[in-house]
Amino acid sequence: MSLAGRGGPLAGLRVVELTRVWAGPYAGKQLAFLGAEVIKVESLGSLDASRSYGKTTLAISPGFRAVNPQKLSVQMDMKTDQGRALVLRLLEKTDVVIENLRPGAADRLGVGYEAVKAVNPGVVYVSMSMYGKEGPLSYQTGYAPCFVACGGLTYIVGYENEPPTGMNIRYADSTFGAAAAYAAVVALMHRRRTGIGQFIDVSACETASSMIGDILMDHALNGKVQACDGNRHPEMAPHGVYPCLGGAWISIAAPDDGAWRALAETMDGPRLAGHPHFRSLADRKVHEPELDRLISAWTAAQEAPKLARLLQSRGVPAAKSLDTVDLCSDEALWARGAYRTVSDAWEDSRPIVGPAWRMTGEAAIVRGGPALGEHNAYVLGEILGLSPEEQQRLADSGATR
Amino acid sequence: MTALARLRVLELAQGVAGEYCGKLISDFSAEVIKIEPPGGSPTRALGPFGQGAGRRETSGLFAYLNTNKASAVLDVETPAGAAALQGLLARIDAVIDDHPPGWLEHIGLAPNTLAQRHPRLVVCSITAYGQPPPEGRDLAEDLNVFHASGWGYHTPSAPDDRRPPLKGPGRFLASYETGLDAALCVVSALYGRGRTGLGGFIDISKQATMVSRIDYVIGQMVAGDMDVTSSRTALDLWGPAAIFACREGYVYLWLSDQAHWAGLRRLIGDPEWMRAFPDRWLEHENTPERVATCRKEIAAWLAAQDRNEVSARAQKLGVQLVPVNDASDLPKSPQYQFRRYFTEVDHPVLGRAQYPTTPYRLSVTPAQITSAAPTLGEHTGAVLAQLAAPSELDR
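Sequences listed follow chains G and D, in order. To convert, note that position 53 of the first sequence is 53 in this note's numbering; the numbers rise steadily by one, no gaps. Each number in this note's numbering comes from the position in the second sequence (counting from 1) with 1000 added on.
Just chain G, same shape as in the assembly (with noise of 0.2 Å):
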């Protein structure tokens, strides 16, 4: 069955996804999102080992689902001569490829930019890889901490004077993602209007880096190194996070001095708003270990929802840190659709995280992760014109497995 009909703006495009795992996976949700035909292209053989992770087997798969919802999965074993032949009848008829094999992995499988430009001029060709395709550290791999710390990204975050900490653990694969799918939808534009096609080479380590541009500026233009810097910032003061009741914490950040009166007002009444020490930006730069202690003093008593709320409304930004307690049940976030419902292979009802954005005319997102294969009959029948009989032939001879 297809998921054609759900509208948005991509509908009618078909992607075509030889990915494993976060990343590339991640620009194929987008382009789903945004109402794409998206098929990842599986098999027993070589399958994506975010299938089996964890304390549960493939027939669940989690973190896939999480990952890969309004998506057909169709099996095909590019390792065998019938199986690489029916990937590429299937590229053949698709206006988007997204690759993030191990690096020559592609062109090995005859599955590579050259290999489906022969037979699809047009196509849009994305290969994804932690340092890009070409070049002399093209052959080096990693997962995603270690495009952050290649970026410049790990070496920034930690308490000041301190040796880096780095981000969490997670961070960057999604982001490669969003930059690969932006790069994809450009190129569709230029298609539209000259019908030529490209090929784009997306590095991971060049997406982290792009996350602190105005750190690189800073050396492009001063030759200054930044370091860690805890939570600082040279613009605001305070900006920090801070000890709430029972574990919790919360961010507060004053972008300008009427901020910071309403802080101060709020914690001490006008005697600690007028404080010398804390005048303007460059006072409280200058006193901003005293100011850091006496508002964690103040919040440390304090729980920090009712906080957040009561700093809100005096004008001060401010958020309490957020767990995944917290985080799941967002009101706002269900509310906007960040969180929705599906159905999929195993349940009715399954929530999934939805995109960020709400658009005029979006694409319905009604489907969850696929089951591997579950859209074989659609892709191998209805795409590739291929009988029942011939299905069944193939699936004997281990092409579909």
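For the record, the hints were derived by calculation from the structure and aren't laboratory data. Possibly wrong hints are sitting among the right ones.
No more than 27 Å apart at the CA atoms, straight line, and that leaves these computed lysine-lysine pairs for DSSO-like [what the hints assert, rightly or not]: (1) K117(G) x K93(G); (2) K79(G) x K1316(D); (3) K1316(D) x K1332(D); (4) K117(G) x K79(G); (5) K224(G) x K306(G); (6) K1316(D) x K224(G).
On the provided structure of chain G, position chain D as indicated by the hints.
Just chain D now, with coordinates in the frame of chain G:
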């Protein structure tokens, strides 16, 4: 001319998220016209500043975010400015905004009236929590969004619970991430318009963008497949992967399977302590004691190594060891040089400098910076001349 030539975008945005969104589009040759109030975009007053700090037009942040754009000064909060804006809207494809909720309505761009007056126009609004804002969440800086999305509470991994969670890299992570999703949506909407003839309103939430970036984990939690807790390690992975100090600087070492372990044994020379570990301990017998021993021994060994030399040697053995680069390392990286990640831009006040570019290389239509960020109002005359009734603006 690259991929997005012939598109005309009006940028009302004055923050990093919207300006970055505009840059992602302008670097592919779309005509992006930045509309600024008489005092200029607030990002012009944010660092880092180049030489001659204190002088006008020295913000490196603004210079980075606004390459290839035009700047027109127009106070859209005045009746005359709002009228001029309406005149421009008939000639453009998309609007990018990142003012607080309610501002677009205030200047006459309410989403529900757009469809009638400008059915082909795409209007993208970037806000901290989406529109309309949830109750009690009117104000947020990127720090607050980072912490309202789950990334903050869980950064760093393996924390000391007595110390505060951190803000992440730099000042603007949530803005850059959301600017990227906004650009994806704007270009997609313009693509869809080619089929339907219709534009529309896009509402992007920074919080939702950042939560979406943890979909692999939060998706499992929200579906009930993974436990939710108030622990700061709820997003962590188990194992010895970590940052290690070298002779100078640091490396990051990832270890999660038998092949990594086998490569590491060859790299280090298979010392006694490694031979005592089971071959598949990383997958099946990953105990806290083994992790501690492994880290201690690796730390001692790496302390005497050169981070770049040991990384190259490790990678050739299939070990995912990389240097922890700082801002000065990236322009020197042979890979970044090969891909020309940095490119020279000549700015009228800041002079020549090596700007970071984009992480994707498009073979036919690469992104390119052909002009430096505009000075305030540099193109006001040219932009207003495009209007049918310029006399309305003479004031």
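Does K93(G) sit within 27 Å of K117(G), going by the straight-line distance between their CA atoms?
holds (11 Å)
Holds or violated: K1316(D) with K224(G), Cα cutoff 27 Å?
violated (32 Å)
Are the Cα positions of K1316(D) and K1332(D) separated by 27 Å at most?
Distance of about 21 Å is within 27 Å: holds.
Just to be careful, I want the Cα atoms of K79(G) and K1316(D) compared with a cutoff of 27 Å; is the pair within it?
holds (25 Å)
Straight-line Cα separation of K117(G) and K79(G) no greater than 27 Å?
holds (20 Å)
Please work out if K224(G) and K306(G) have their alpha carbons no farther apart than 27 Å.
Cα-Cα ~40 Å, so violated.
The structure does not agree with the numbered hints 5 and 6 stated previously, though it agrees with the rest.
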